[in-house]
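Peer 1: Just need the whole structure built from these sequences, with the hints factored in.
Using my numbering, the first residue of the sequence shown is number 11, and each one after it goes up by one.
Derived DSS-like pairs (lysine-lysine); straight-line CA-CA distance at most 30 Å: (1) 125 - 144; (2) 144 - 30; (3) 433 - 277; (4) 326 - 277; (5) 125 - 30.
To be clear, the hints were calculated from the coordinates, so they are not data collected in a lab.
Predicted model, so just to flag it, every value in this text is computed and none were measured.
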Amino acid sequence: MTAAGDASIDINDLLTSPDKTEALLVQWQQAEWIRPLDVGFARLIRELSEEQGERPHPLVLLLAALVSHQVGRGHVCVDLAHLLADAGHTLSLPPEESVHEPLADSSSSGPDQPKPAEVLAFVTLSECLSILVKACAVSDCSHTTPLVLNETRLYLRRFWRYEQRIAEGIMQRLALPSALADPESGPAQTLSRALGQLFQSSEPVDYQKLACALAARNRFAVITGGPGTGKTTTVVNLLAAVQAVAGESPERAGRKYRIRLAAPTGKAAARLNESIGGAVSRLPLAELPGNVELADIPTRVTTLHRLLGSRPDTRKFRHNRDNPLLVDILVIDEASMVDVDLMASVFDALPASAQLILLGDKDQLASVDAGAVLGELCQRALQAHYTPQTAQWLAAMTGSQIPESLVDASGLPMDQAVAMLRKSYRFREDSGIRAFAEAVNT
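Peer 2: In structure tokens, the structure reads:
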């Protein structure tokens, strides 16, 4: 590490021994920059390393505390490249408003307490990775360690496992063949007829209709949209459309799908309960193929914890891979509030063939605990990135040609499963509130 030059504090000296690094962390804790939990985790890493006969590198202890700090802020990992490029912004340290000024009687610094950006200023990414791969407390998850290094991202092991379970569940579903993939097939023709009855809009492009078609085709799908874009109406029409397809399917012999509706909180569940009943009552069921009846469209919404079967004093649920839910389609509303822990449990509890549809506004109501799952999945939603094949399929299903700006020949498989509702029916195009909301979210 390069010398920091003349200063009242030799910043590089803070990373020369575990004791000095731990003292720095304690000082940050006393200033209420980080939590006691973060310092405790760094101490645990030190103890585990020393038990295995390793003198832990001070940088490993520092990064352990910072990963824990980030989890407390709602992030599942620390991207080391971002951290070393701009530690202050990445960590939000020091906080904009510290409750206490740095302690003047600290043994490691005076009032000019070193900031994380200063401590890390002379650490290179290659040096950082080299130190981490040699640490006994860190692995690529090939064996059990408290910290997991995946490329340039450093995780607490638990959160790395959550991400893996979610990613595996999504990719496994996106890889499943769809009976709707061929627009000339019987199921696809049924879907197209149902959508034609459910959506009578004169708009050149009906994004609600496109969202229904896209979600019906995939075993995993995301429908996102801001306030007033018609998320509830869209999902009710979607459920009616897929039940029409089920009713016309020879393989199902007229059996409709078992559908469950869930939300992350009781308040969100109650809100959807109120809105979904009215939307269901307006469905033109008599005009749909497949003999769809009112009883085929669920209106009861439960919380995710009740659905999964929460148990006292444990993170584990009654429904899991060994005891999956009896469900064909699960719709989760307000999905932006679902953290990685709960979302991983959802995938564990779903049968491998079950369809999962996430509904929510990517720009609001973030989860309280770590992991903005919906936000991560919708990072490319604004530009869509639909492949020409997806665009052609949507045109065949809905009669609408999506704008060329939303077509991308290099679109990813995940892009083909995300639909964004782009028209607000609550605010006019020239609404000041709408303009303000769009400015905030861009």
